[in-house]
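Chemist: Residues per chain, in single letters:
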Amino acid sequence: MARSKGRPKKKRYHLKTVDFNTERKPSWCYGCGNYGIWKSLKKTFVSLNLKPHEILIVYGVGCSGNGANFLKTYAFHALHGRALPVATGAKLANHKLNVIIIGGDGDGISIGGNHFIHTCRRNINMTYFLCDNKIYGLTNGQASSTSDKGFKTKSTPLGVREKPLNPVLLSLSAGATFVARGFSGDTRQLTDIMKKAIKHKGFSFVDIIQPCITLNKVNTYDFYRENICNLSDIKDYDKSDLGGAIKKSMEEEKIPVGIFYQVEEPLYEEGLKQIERKPLVDHIITDIDVNRLFNRYY
Amino acid sequence: MKVSNIGWKIGGKAGYGIKTAGLIFSKIFAKKGYFVIDNNEYPSVIKGGHNNYTVRVSSDEILSINKSINILIALNEETLRLHQDEVTYGGYIVYDECNSNIDSFKKSRKDINYVMVPFSKIISELGASKIMINSVSLGVSVALLNYDLELLKNVIKDFFKSKGTDIVNLNIKSSELGFKYLREKLKLNAYDLEIVKPSGKVLVTGNDAVFLGAVRSGCKFYAAYPMNPSYPILDSFASIEEDYNIVARDAEDEIAVINMVMGASFTGARAMAATSGGGFSLMNESIGSAAMTETPLVVVLSQRPSPAIGLPTWTEQGDLLFATHASHGEFLRVIIAPGDPEECFYFTGKAFNLADKYQLPVIIMLDKYLSESHFSYDKFDFKKINVDRGKMLTDSKKVDDEYKRYINTEDGVSPRTAPGVEGGVFIANSEEHDQYGYTDESAHNRKSMVDKRFRKIKSLMEEIPPPRIYGPTDAEITIWSWGSCKGPILEAMSILNQKEKKVNLVHFTYLYPFDNEIVEGIVRETNKNILVENNKTAQLGKIIMMNTGYRIKNKILKYSGRQFLPEEIINGIEKIE
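Line order of the protein sequences matches chains B and W.
Quick note on this note's numbering: the first sequence kicks off at 1 and runs consecutively.
Quick note on this note's numbering: the second sequence kicks off at 1 and runs consecutively.
Incorrect hints may appear among the rest.
What follows is a list of derived Cβ distance ranges for each label pair [as the list claims (entries may be wrong)]: (1) B:S173 to W:S199: 55 to 61 Å; (2) B:G159 to W:G48: 36 to 42 Å; (3) W:L282 to B:K273: 27 to 33 Å; (4) B:D287 to W:G329: 34 to 40 Å; (5) B:S173 to W:E330: 40 to 46 Å; (6) W:P307 to B:D241: 49 to 55 Å; (7) B:S173 to W:D378: 52 to 58 Å; (8) B:S47 to W:S44: 53 to 59 Å; (9) B:G150 to W:G423: 21 to 27 Å; (10) B:N227 to W:G48: 57 to 63 Å; (11) W:H325 to B:D241: 49 to 55 Å.
Calculated directly from the structure, the hints in this document are not laboratory data.
We put the CB at the ideal spot given by N, CA and C, even for glycine.
Go ahead and model the full structure; you've got the sequences and the hints to work with.
Modeler: Spelled out as structure tokens, the structure:
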């Protein structure tokens, strides 16, 4: 292949993971699953050669949301359950940004459940990392909508009476084009999944199972290590088969991790002529002519 | 008979094209330069129920519809029952021959003229569909007013062109037959309107004017959830989004709407949402999020009678106290309530500038009457809306090395960057935060950040126009009101002031922040004060009392779901005296 002539390629400086640290030290419990997620995110950004100002992370409220203080990127720490619509507006206003959403299970699946299913079906090119510890951590341990049936918490001393929602199944049925599950205790695999999720063209969703070492004594590191199975170990697993992915996501014996589903479908923003040439934020708005608009009111 | 203004009303079952007839009637007069104001009343159903549409046409400037109807087109008996009394002495009622109870109506009003038109027969002979009775009635109306049939045909053609030539031709034919019937069979000519200087006016609603103002202001992102009476703004945006490089979308609910708009605004695009009371209730928590993160936000709240679903297609000013206190916690916001579509246009421009300059939520309050009624204007001067984005940093070279998004400045406003700007990385934090945006719960930080955000009030107040005083300065009676009551009050005043009763109006359009000193100054100069509000509890009165301690005892309040008519204000004032 002939070497391209013309302008030399713009040199890009390379950052290290420490460049994504802020002046604030994480305040999570020692051993919290959030550390593994934090570390994996930084590794992902470095390996994708992303710069802090090119990334917008919209955080929900919860222990994971507090991560806004510890990761150096543009950030919007939204209200409880409202990270997804904030991210949607931001991405449509400037689709050149790498937009990531980080929030917990209470935030994203309980209070924000409606936004979750609707964001899945839009296929906007952004990535949602759900920090799923099956409990409300910041309020000291109430059952969330991903807590297992029978799980005893302060709010459910006799055990949860509802069935848990399965975020992987939910996102598959709602139309997400990339669906995976990672484990905060395996940062190597998690980083790999995160990279693929961010690179995926479309709405990518990763359910990250993580232990809450203080409040959830059932879903511990040991529990997950014993019960996890890897989708990559399955021979001929077809990631483009929605039915197969749904079936796999419903398996109860083992907890599959890896990429369940990945297909390429037209992006929500691709059909929008008004952002084809440049992002909305790049338009000059100082003297917009509305004279011709008046004609329709005669 | 030569007249300077005409009240016209058409009524019938929903689904009978009442709204179309009304709008076309308004258009044929605005096009020639007449002053026109209309009002569409309809129930919250698609078919069935009673619809009526009132148009007031005048050769002189008018500011409101009024009570006097000169021509009533009654397409069903219910219209006669509900509106016969509104017809003025010597006026005309046009009815269909199939109305068998007409004699009993005639008995009760011997002072008016009843004109039978065989609407159904005309339509069936033509082989047109029943809805085209509305075009027949337009032809009849134009003949009664000795007006321009060709102009009517042109407007009909233009109005229906998207529906194909057959529909256009049938409607034109229907209007011709109506016209002919009146001219040839009845040889009737009821009124002649004074001739006006031909000018050509636009007909816009408050919704249209807000939309036009927002487009001119550079609004690039608009989101909404369908809700009366503000949803037409979404339709307007959607119709031009490619042309003007705007993304206009509906979302799963109003909580998503407001957060999408906030996300777009945080990223640097001017953005807006519109809703009504129910949707605004859902948006409440997020309005505080904009205040805490100091993200500019423009929200349109078009009121309807509430609580709950209330009366979805009717009007009220019941949400003023709600808007001024919306969301938990204490924070600055701006409340703007335009009085007419012209103010809707210019104040929307101002709303975007205030939101950007002071980095806070701005709420524009309309109501169903203002949102949906058409008012005629010469074109607005869009050059009068300028764009001022305040302290916005989009050039990374201008960003300080040690950039602090929430730096404690003298005027309380801190320069803001947007995602993508190198060196400007920060957290827009809904939790209390320090000058960088990091969460900070310390007592001294909390106090200093609350003070910083409230310090904006000083320069903000300098930009907020005071209430405007209309009428004589030495009035015996001063009316206090806000928003869309302006037109009916001014009309009432001009009648009262002809009777040598001196009345003036203190009209609030910028309701928050509230300038105590100015209002106290006005109160000192007035004699008898009367509140006029389209609600039950006199909410402006409460705001005045809360801020100044002054209580206005006299009130004229209306909360039937209908807007004020000038006559009702005159009656109210006479009763108080």
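Chemist: Run every hint past the structure and note whether it holds.
Modeler: Checked hints:
no. : hint                         : in the structure
1   : B:S173 to W:S199: 55 to 61 Å : holds, 59 Å
2   : B:G159 to W:G48: 36 to 42 Å  : violated, 52 Å
3   : W:L282 to B:K273: 27 to 33 Å : holds, 31 Å
4   : B:D287 to W:G329: 34 to 40 Å : holds, 38 Å
5   : B:S173 to W:E330: 40 to 46 Å : holds, 43 Å
6   : W:P307 to B:D241: 49 to 55 Å : holds, 50 Å
7   : B:S173 to W:D378: 52 to 58 Å : holds, 55 Å
8   : B:S47 to W:S44: 53 to 59 Å   : holds, 56 Å
9   : B:G150 to W:G423: 21 to 27 Å : violated, 52 Å
10  : B:N227 to W:G48: 57 to 63 Å  : holds, 60 Å
11  : W:H325 to B:D241: 49 to 55 Å : holds, 54 Å
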